[in-house]
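Put together the whole structure using the sequences plus the hints.
Counting from 36, one number per residue, gives the positions in the sequence shown under our numbering.
Hints are supplied without guarantee of correctness; some may be wrong.
[Said to hold, decoys possible] Restraint ranges, calculated between C-beta atoms of paired labels, are given here:
hint, residue 1, residue 2, range
1, A131, L42, 28 to 36 Å
2, M255, F128, 55 to 63 Å
3, A256, P86, 16 to 24 Å
4, Q59, K110, 38 to 46 Å
5, I262, N106, 42 to 50 Å
6, Q342, I262, 16 to 24 Å
[As the list claims (entries may be wrong)] In silico lysine-lysine, DSSO-like type, Cα no more than 30 Å apart, as pairs:
hint, residue 1, residue 2
7, K91, K168
8, K110, K242
9, K167, K115
10, K309, K238
11, K242, K126
12, K168, K238
Honestly, the hints are just simulated from the structure, not real lab data. If you're wondering where the values come from, they're calculated on a predicted model, not measured in any experiment. C-beta atoms are modelled at their ideal positions from N, C-alpha and C, and glycine is treated no differently.
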Amino acid sequence: MNKHTELCFEETIEHSLITQGGYQKRKPQSFDPQTGLFPEDLLAFIRTSQPKKWQKLYTFHGDRAKETLINALCKELASKGSLHVLRHGFKCFGTAFKAVSFLPNSGLNPQSWQEYQHNTLTLARQVRFHPKKHNLSVDMLLSVNGIPVVTLELKNPMTHQKVENAQNQYRQDRDPDCPLFRFKQRALVHFAVDTDLVFMTTKLEGKQTSFLPFNRGHDMAAGNPPISGNYRSAYLWEEVLAKDSLMDILAHFMHLHRKENRVETARGLKKHKKESMIFPRYHQLDSVRKIVADAKSKGAGHNYLIQHSAGSGKSNSIAWLAYRLSSLHDDQDNKVFDYNHCDHRSSGA
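Structural data, given as structure tokens:
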């Protein structure tokens with residue numbers, strides 16, 4: 036096989052995520068385009084992590100329990116969105132089910148750490164995602180307990196396809212009304228990737244789809260630095276999308292931003308609501324995590340400087356950092372910033 040083909044690029048990412056990233060491989064046929072889910076993975080998580088609740092549902096519904104659970108989940112995904120369901124679970128006939136078990140902020144609750152092990156992150160390639168157009172497939176789909184969270188379109192410049200081609204593929208060939216791509220209801224972020232560059236979007240809007248760079252920067256400019264023996268964009272799958280990293284992003288970084296404007300019409304003022312899903316850009320994720328790690332190691336009372344350019348998301352970086360520091364525990368499970376025992380020395384972050 037030609038090592039420069041797109042297939043080889045795809046296999047490299049798959050191998051990394053499965054051998055080092057904490058993922059399991061799934062056949063593309065196990066994805067259900069109608070519901071936009073991997074139903075068997077969802078059922079496996081429910082049965083393993085919440086056996087008593089599942090048994091209660093099964094006792095009442097019998098062989099229809101699976102269909103009943105999936106239908107209830109789909110309704111809440113449509114009404115509340117997948118990020119809400121991932122964090123807060125969903126209800127089925129009055130019973131509250133978890134969709135994910137996130138890591139706790141400390142090790143004070145050993146049971147929570149055990150529950151975290153029930154999560155299954157999966158990778159499927161060349162997934163036929165459209166309920167009617169069976170010739171369409173997405174290069175790679177990452178899911179948590181059967182719920183899709185990340186899609187990737189991959190290109191290799193050695194085959195005369197670049198990241199711009201991946202962006203155009205999302206704009207032209209990915210129907211925003213398709214279950215998998217419905218805004219906030221299934222996959223939460225979409226990456227256009229080649230061997231050198233990464234771009235992302237959280238909302239597909241046809242030709243109007245807007246992408247943001249998700250690159251590390253190189254020599255005080257755009258792009259990514261060269262990596263000996265590896266792709267420049269390898270940090271995406273080796274670092275960002277690895278299991279613990281992605282779960283951390285879903286639990287603590289992503290959020291649905293709602294903005295309300297008043298628009299003047301012939302009948303008076305009309306409220307216009309706009310929603311946007313926020314996924315941290317690489318420099319935001321990197322800076323917050325580095326400061327949190329340093330504060331955990333050295334404790335409180337240190338100053339840090341984050342250099343952000345205009346329009347790079349300073350407000351979000353500050354909010355994420357403050358949120359993480361407020362619940363930060365050291366290796367002995369002591370709060371690093373314990374305001375109940377503060378000696379009122381000045382400190383900065």
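Hint check:
At about 43 Å, the CB distance of A131 to L42 disagrees with the hint of 28 to 36 Å. For the pair M255 and F128, the supplied restraint of 55 to 63 Å holds, since their beta-carbon distance comes to about 57 Å. Range check, A256 to P86: about 54 Å between beta-carbon atoms, so the 16 to 24 Å window is missed. Between Q59 and K110 the beta carbon distance is about 27 Å. The supplied range of 38 to 46 Å is therefore violated.
Roughly 46 Å separates the CB atoms of I262 and N106, a value that falls within the hinted 42 to 50 Å. For the pair Q342 and I262, the supplied restraint of 16 to 24 Å holds, since their beta-carbon distance comes to about 23 Å. This hinted pair does not check out: K91 and K168 have alpha carbons roughly 38 Å apart, beyond 30 Å. At roughly 28 Å between alpha-carbon atoms, K110 and K242 fall within 30 Å of each other, so this suggested pair holds.
For the hint pairing K167 with K115, the CA-to-CA distance comes to about 25 Å; that is within 30 Å, so the pair holds. Proposed proximity of K309 and K238 is supported: the alpha carbons are some 12 Å apart, at most 30 Å. Taking the CA atoms of K242 and K126, the gap is about 36 Å. The hint is violated against a cut of 30 Å. Pair hint K168 plus K238 holds up; C-alpha atoms about 21 Å apart against a cutoff of 30 Å.
Going down the numbered hints, you'll see the structure goes against 1, 3, 4, 7 and 11, while the others check out.
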